[in-house]
Amino acid sequence: MNRESIYSKAGSLWLFKMAWRDGRASISRLLLFMASIILGIAAVVSIQLFSTNLKQNIQGQSKSLLGADYIIDSRQQPNEKVKSIIDSLVPDAYEVNFPSMAAFPKNGAAKLVRVRGMEGSFPFYGDLETTPENAANTYQQKGGVLVDATVLLQYDLKAGDSIKLGVITFPIIGAINSMPGSSGIGTSVAPTVLIPYRFVEKTELLQVGSRKEYQYFFVDPDKDLDELEKVLDPILDDENADLDTHTSSSRQIGRSYDNLGRFLNLAAFIALLLGCIGIASSVHIYIKEKLTDVAVLKCIGASRKQSFLIYLIQIAIMGLIGGLVGAIIGIGLQYALPELLQEFLPFDIEITTAPQPIIMGLLLGMFMSVLFALLPLLGTWYVSPLEVLRISEKPAVRSRKTKIVAFGAIIIFVLLFGIWIFGDLKFAAAFVMGVFVTFAILAGISVLFIKTIKRYFPASWGFTARTSLLNLFRPNNQTMVLILAIGLGTFLISTLYFTKDILLAKTQLDNSADQANLILVDIQPEQREAAINTLEENNSEVLNNLSIVTMRMQKIKGIATNDIRKDTTSTIREWVLNHEFRTTFRDSLIASETVVEGEWIKEIESGEDVMISISEGLAKDAQIGLGDKVVFNIQGVLMETIVGSIRKVDWTRLQLNFMVVFPKGVLEQAPQFHVLTTYVPDTNKSASLQQQLVSKFPNVTVFDLRQIYTVIEDILQKISWVINFMAFFSILTGLIVLIGSVRTSKYQRIKESVLLRTLGAKSKQILRITALEYLYLGILGSLAGILLSLISSQLLATLLFEEPFVPSGIPFMVFLPAIVLVVLAIGLSNIRSVLQSPPLAVLRKVG
Amino acid sequence: MSKILKIHELEKTYNSGSKKLTVLHNISFDVEQGATFSIVGPSGSGKTTLLGICAGLDQPDSGTIELCGQNLGELDEDQRAQLRNKEVGFIFQNFQLLPTLTALENVIVPLELQGAKNASKIGIELLKKVGLGDRFDHYPSQLSGGEQQRVALARAFSTSPSILFADEPTGNLDEETGEKVIKLLFELNKEAGTTLVIISHDLDLANRTQQILRLKGGKVISNEKTAL
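Protein chains in written order, with full-length UniProt numbering: chain A, 1 to 847; chain B, 1 to 228.
A portion of the hints provided could be inaccurate.
Straight line, CA to CA, 25 Å or less: simulated SDA-like cross-link-like pairs of lysine to any residue [unchecked claim]:
1) K17(A) - S18(B)
2) K566(A) - V610(A)
3) K17(A) - S160(B)
4) K86(B) - W14(A)
5) K121(B) - R24(A)
6) K305(A) - K86(B)
7) K121(B) - W14(A)
8) K602(A) - D78(B)
9) K454(A) - S162(B)
10) K403(A) - D78(B)
11) K288(A) - P99(B)
12) K17(A) - E125(B)
13) K86(B) - R24(A)
14) K86(B) - L291(A)
15) K86(B) - F308(A)
16) K305(A) - Q79(B)
17) K86(B) - F16(A)
Partial list, derived from the structure: chain A residues whose beta carbon lies under 10 Å from chain B [what the hints assert, rightly or not]:
18) M18
19) A295
20) C299
21) A316
22) R573
23) W575
24) A761
Note that these hints are calculated values from the structure, not bench results. Note that the Cβ used here is the ideal one computed from N, Cα and C, for glycine as well.
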């Protein structure tokens, strides 16, 4: 008989028809399966669409973000060499910008702002949107200023009112609604005030040590910016200046969202993995229920291939539908994300629905369904038609080769998905490896658990307790399967939770009463005493009185920084070579720092080696350690120093932390400015003090940490919301997976329970046996998962996010009991039918 | 008359723990085309195992089975499935209808497997014949036991099989319903000229067939023709 002739009769259309007929009546049983796909795909699609939109918007708007084709900027007056480069390129506009206090005579209020002294008709791309509209064109000519719209609203000001910057009072010409180069978190803390360049000097705000930035804007759309970057960047770097092109700035902006992007990708990856486990476990139950039907089909003449294909088609179509629904939900969600994140994004996001993630959603839905359903589906291939005659032969032996192929396909799928999500083979491989190592460890734990119970079996325990323990290792036990499912689910959920904590740790701002909340910077030496007096007159104790000396690194370990820049093999981070370090000198450590290496030197005598203390981060980035020599250029004077100690600094505290601290006895005579900090108990007193300070010392900038806390907390809250939302999304998928997994064990226990019932066991006893068994499995599985997630989170914190990891107790205090309860509830619901119906009825039903 | 089923020196053993359990030992018999044949014996005598092997659902350890002129030992699983589809019909004790398919769909599945174009028409006629003309769209769970067995009868005869195996066809039915189903089974069988092989505990039912094979402990103890 010709083997192929079988398939030519009932064609593929019949297979689809059968898949439809069967699926139509099984829709409720496939709900868990659908939910797993939908949630997984929705997470992936929304995140991918959002990331794609973010990237496209950054690229598309890069010129508008910069306002020009390229910029040359410097944190000091450009020297002759830089000036000649700038002049040769002919700037179209230039500015100097710096933070300063602004006073509003109308109501006596004061506010930290960023002053941008502008010459020329910047911006050249994007719009300077003002109210009234023509204010953007008239402020230069009228000699007035434009002020950030929020500030005007906040202080009840309008065009025509005045603003005092330094010693000059300006008329307010209009409100800035949006301006290239002025957006994001920075603007929320110090909103923009745009003034004509010619007035900058007259304000007398720029003093020694003032933090300022000179920017020169160029318009040249035909210029090869990459080439320009290649030629000019090294030269400018040597002179402590920098070239930003609209392409490089879009790369930088992209990078500043890296950690958020990585977390969202991780959430998507985990949501999809959970979805996959959900598919595997729900299809496992589904197919188990279908095996008798498959045997009937085979009995009446269907081939193995036909029976297999009917369910494969069904699963693939369900996957496609799930993928489609998930993709639609994902598209909806991506409209919500930018809405939530708008305030900390430097531009308005225009949402477009790119086709790629949607197609990926559909394909993912189908492939993940088919691949993760493959192992349970193989059961249909091997089921014998004899099942219909109630002959329970030995369980169908599945080919080892087929299993290996199925596992191989799953690993390749997860790996490819990881590469797509993370865009990095190394990360993807590490994640896949991590998941499989976890899988192996969990399997090992269950084997060990079974062996331990067998060895130390408490024979003296009562019947129910003994039976529940026996259930854990006798034939048909579900220990391994459930510990794997519960453990892996909990592991993924907790990893995501801990990772969320890693990212949100920065949002835990220290806002306690004994910390300074007002910082006065740029105080000139001659103003210092008077400023201290002003604070004391207002009953504000001076908490810190610091001197700041600015400097740059000239040589590191004997090699000039200019030579290090040219050395392409150097691994010293570039920022170190260009950074203007604000250093201080003191004889004691502050609360946010501890010495981790070397010895803290309090003071040195003249002629002794200058032993400095550096932060851990600087030691790593500059690749310097104890005893290494660093030469600093302190405003023209070179000073050789030796690293005497390395400090661990908690930068998350809004304190005056320093990367480089000198001992006393070295910098006292260097050009410097001063910083004072104080604590002011309430907003009104703070406002009044700020007003006094601004009127007495116009050049002094006051950072009101209370205001900054509010702004940052607000932004971080929004980011937290998105992160929490995505985490919740994945956790929800995880719960559905748990429900599916525990339900998988339904058939193992119903028969035993019903037999016990037939032999006279009371409901209470059956309930106790079942409850105890699921309790053991729930506790062991979830505890193992959470403990393993501590390791994975530590690895993620160190290798991916480069942030410290302090585990929270939530997974132990909330997840552990919650998951145990869910496992218990589902486990008990499995035997509900045993307790409610007569034993014979149940036996008939389950065969 | 030609033989539709030829069984020769059949042996079947199962592993039961470390022991080998011989379920069928040296079984040989023939069934003539168009005949009615019953296999009887106590529980554990090997009746169901024998039926499974005769219908090509399982394979013996030794011996030969020739069904409709085909040596089953020479066919692989899918070829045996095709043979069943073409030549064999089944009736089971617990009906074995596909629960997710309607009565009509259950009846026409074997026809569809053959690629028959008028499957629905044949299915409707057969359902009418078994008295379920108003139950086409009902799912098995919406039918009584007797109705389900009648759907199974319609399915079994849908492809006009050469031979029909019935495994305890009244085992899950009350006496009255069982009697109706048996009556219908014999009527349809007579009409179609199908060979009928029945497995049963019920000697009264066996006596309504032309030949009775008695099994005990996996061995044939008698193979006699009845007065019919």
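Given the hint that K86(B) pairs with W14(A), does the C-alpha gap stay at or below 25 Å? At roughly 17 Å apart (the allowed maximum being 25 Å), W14(A) and K86(B) satisfy the hint.
For the pair supplied as a hint, K305(A) and Q79(B), confirm whether the alpha-carbon distance does not exceed 25 Å. Distance of about 12 Å is within 25 Å: holds.
Taking 10 Å as the limit, does the beta-carbon of A316(A) come near enough to a beta-carbon in chain B? Status violated, d = 18 Å.
Please work out if K86(B) and F308(A) have their alpha carbons no farther apart than 25 Å. 21 Å, holds
Hint consistency between K602(A) and D78(B) [alpha-carbon to alpha-carbon, up to 25 Å]: Status violated; Cα separation ~89 Å.
Restraint status (C-alpha distance of K121(B) to R24(A) at most 25 Å): 23 Å, holds
Do the numbers back the hint for R573(A), that is, is its least Cβ distance to chain B under 10 Å? Because about 64 Å separates R573(A) from the closest Cβ in chain B, which is outside the 10 Å limit, the hint is violated.
Below or equal to 25 Å on CA atoms is what counts here, so check K86(B) against L291(A). Roughly 23 Å separates the two Cα atoms, so the pair holds.
Would you check the hint for K566(A) and V610(A), treating anything up to 25 Å between C-alpha atoms as holding? 28 Å, violated
Restraint status (C-alpha distance of K17(A) to S160(B) at most 25 Å): Given that 25 Å is the threshold and the Cα spacing comes to 23 Å, the pair holds.
Let me know if the C-beta of C299(A) comes in closer than 10 Å to any C-beta of chain B, holds or violated. 6 Å, holds
Holds or violated: are the alpha carbons of K288(A) and P99(B) at most 25 Å from each other? 14 Å, holds
Comparing the model with each earlier hint shows violations of hints 1, 2, 8, 9, 13, 21, 22, 23, 24; every other hint is respected.
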